[in-house]
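Sequences and hints are given; from them, build the entire structure.
Below, each chain spelled out in residue letters.
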Amino acid sequence: MGLLDKEFSDGNIVIAPVEDVLNWARLSSIWQLGFGLACCAIEMMATSASHYDFDRFGVIPRNTPRQADAIIISGTVTLKMATRIKRLYEQIPDPKYIISMGSCSNCGGPYWEHGYHVLKGIDRVIPVDVYVPGCPPRPEALLEGLLKLRDKIRHETLRKKSV
Amino acid sequence: MKNAEEIFEILKQQFGDSILVMDKDSPTEPIINIAPLQIHKIAAFLRETEGLKFDSLMCLSGVDDANGTKVKDADGYDTIQGGTLSVYYHLDSVELRHKITLKVSTDRENPQVESVENVWRCADWHEREAFDMYGIVFLNHSDLRRILMPYDWEAGYPLRKDYKNPEFYQGMKVPY
Numbered sequence: 008m009g010l011l012d013k014e015f016s017d018g019n020i021v022i023a024p025v026e027d028v029l030n031w032a033r034l035s036s037i038w039q040l041g042f043g044l045a046c047c048a049i050e051m052m053a054t055s056a057s058h059y060d061f062d063r064f065g066v067i068p069r070n071t072p073r074q075a076d077a078i079i080i081s082g083t084v085t086l087k088m089a090t091r092i093k094r095l096y097e098q099i100p101d102p103k104y105i106i107s108m109g110s111c112s113n114c115g116g117p118y119w120e121h122g123y124h125v126l127k128g129i130d131r132v133i134p135v136d137v138y139v140p141g142c143p144p145r146p147e148a149l150l151e152g153l154l155k156l157r158d159k160i161r162h163e164t165l166r167k168k169s170v
Numbered sequence: 204m205k206n207a208e209e210i211f212e213i214l215k216q217q218f219g220d221s222i223l224v225m226d227k228d229s230p231t232e233p234i235i236n237i238a239p240l241q242i243h244k245i246a247a248f249l250r251e252t253e254g255l256k257f258d259s260l261m262c263l264s265g266v267d268d269a270n271g272t273k274v275k276d277a278d279g280y281d282t283i284q285g286g287t288l289s290v291y292y293h294l295d296s297v298e299l300r301h302k303i304t305l306k307v308s309t310d311r312e313n314p315q316v317e318s319v320e321n322v323w324r325c326a327d328w329h330e331r332e333a334f335d336m337y338g339i340v341f342l343n344h345s346d347l348r349r350i351l352m353p354y355d356w357e358a359g360y361p362l363r364k365d366y367k368n369p370e371f372y373q374g375m376k377v378p379y
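As you go down the protein sequences, you meet chains A and B in turn.
The opening residue of the first sequence carries number 8 in the numbering used here; numbering runs sequentially from there.
The opening residue of the second sequence carries number 204 in the numbering used here; numbering runs sequentially from there.
Treat the hints loosely; a few may be bogus.
What the hints assert, rightly or not - BS3-like cross-link-like pairs, simulated, lysine-lysine; straight-line CA separation at most 30 Å:
1) A/K87 / B/K244
2) B/K244 / B/K205
3) B/K273 / B/K376
4) B/K364 / A/K87
5) A/K103 / B/K376
6) B/K376 / A/K93
7) B/K273 / B/K367
8) A/K87 / B/K367
Stated by the list, open to error - Listed next, with one range per pair, are the computed distances between beta-carbon atoms:
9) B/V274 / A/E147: 49 to 59 Å
10) A/R145 / B/M375: 52 to 62 Å
11) A/E147 / B/P378: 29 to 39 Å
12) B/D295 / A/L154: 51 to 61 Å
13) B/A358 / A/H58: 55 to 65 Å
14) B/T282 / A/Q98: 36 to 46 Å
To be verified - Computed footprint of chain A on chain B; a stretch qualifies when at least three of its residues, placed anywhere within it, have a C-beta under 8 Å from a C-beta of chain A:
15) 347-361
16) 369-378
Hints are computed from structural coordinates only; laboratory data are not their basis.
Idealized CB from N, CA, C, for every residue including glycine.
What follows is the structure in structure tokens.
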């Protein structure tokens, strides 16, 4: 018999692996960097507003990368902006997540051939967790992308799959 | 209120050889052609003179006329040699309610045009854009830097007809 076996009658005590608790905490408050680039940013703002209510998933925009957990690349990434995005990404503390929103940041979108100034996909500069297709994606699609990211975080672990 | 012909006559009388021709047959408004190194004093005259009073520069735009000879370079790309680059000035008088379009053409190999930045303040960024996209040098401009492309862009001027995009910019692959 253990030292504390059946010692507590309080129903507020929860037993769980540290990993599960950490992952739950991370996925429940993904603070995003307030960062908009083009028309996708309008949809992102609509998602943040009361009708679609990003905040119900704990997503609130932060004004500095040092307080952010995620960045949503919402729009056309020009080569000039790509160097800035890389710097912002490097300023976000680990663990950090990236949602690539819309065709432009996925692969260059309508600028794929003649856009002399457009980076053909943000994944050429920084690693992407979730791609959201659309031009621009509706708020539902962005919410779906966020749910995918939450799933990904929920199953994060330090251990290798097979030991 | 004056029509294009009257404005052309006034300019011809005042500046003579600096005013070249008026293109009346264009599908848009008539266009007055002007020598590229005389545009500043003509612009100042158009702005200040009683009865003309062009107080607003609606737009200043660069154009690649692409009227030189096409030559294939070593990689099989077309390059254009000779010919002209042009700058168009769309002027408006809010006070007298008349408009005019000016055009200057300059050598493609050494494109130089006088700046009108200190006549109409808004020409500052328009001229920087024309410099950025076509490489037209505006003489006496106070701050002629690139405005849209990165400052360290070395691949040339993107809106020229024979522009060739680079393979890499700062380690990022540019083509699809």
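Hints and how they fare:
As the CA atoms of A/K87 and B/K244 are separated by approximately 37 Å, the hinted pair breaks the 30 Å bound. With a C-alpha separation of about 20 Å, the suggested pairing of B/K244 with B/K205 holds against the 30 Å cut-off. Of the supplied pair hints, the one linking B/K273 and B/K376 holds, its CA atoms being roughly 28 Å apart against a limit of 30 Å. Simply put, B/K364 and A/K87 have alpha-carbon atoms about 22 Å apart, close enough for the 30 Å limit, and the pair holds.
Restraint check for A/K103 and B/K376: the C-alpha separation of about 24 Å stays at or below 30 Å, so the hint holds. For a cut-off of 30 Å, the pair hint linking B/K376 to A/K93 stands: about 15 Å separates their Cα positions. A hinted pair counts as satisfied when its Cα atoms are at most 30 Å apart, and B/K273 with B/K367 qualifies at roughly 14 Å. Of the supplied pair hints, the one linking A/K87 and B/K367 holds, its CA atoms being roughly 18 Å apart against a limit of 30 Å.
A beta carbon spacing of about 54 Å between B/V274 and A/E147 agrees with the range 49 to 59 Å that was offered as a hint. At roughly 30 Å, the beta-carbon separation of A/R145 and B/M375 lies outside the given 52 to 62 Å, and the hint is violated. One distance hint, 29 to 39 Å for the beta-carbon pair A/E147 and B/P378, holds here, with the actual separation near 34 Å. A beta carbon spacing of about 54 Å between B/D295 and A/L154 agrees with the range 51 to 61 Å that was offered as a hint.
Separated by about 44 Å at the C-beta atoms, B/A358 and A/H58 break the suggested range of 55 to 65 Å. One distance hint, 36 to 46 Å for the beta-carbon pair B/T282 and A/Q98, holds here, with the actual separation near 43 Å. Here's how the stretch 347-361 of chain B fares: 4 of its residues keep a CB closer than 8 Å to some CB of chain A, so the rule of at least three is met and the hint holds. Chain A is given as covering the stretch 369-378 of chain B, and this holds because 6 residues of the stretch bring a CB closer than 8 Å to a CB of that chain, at least three being needed.
Of the hints listed earlier, those the structure fails to meet are numbers 1, 10 and 13, in rising order.
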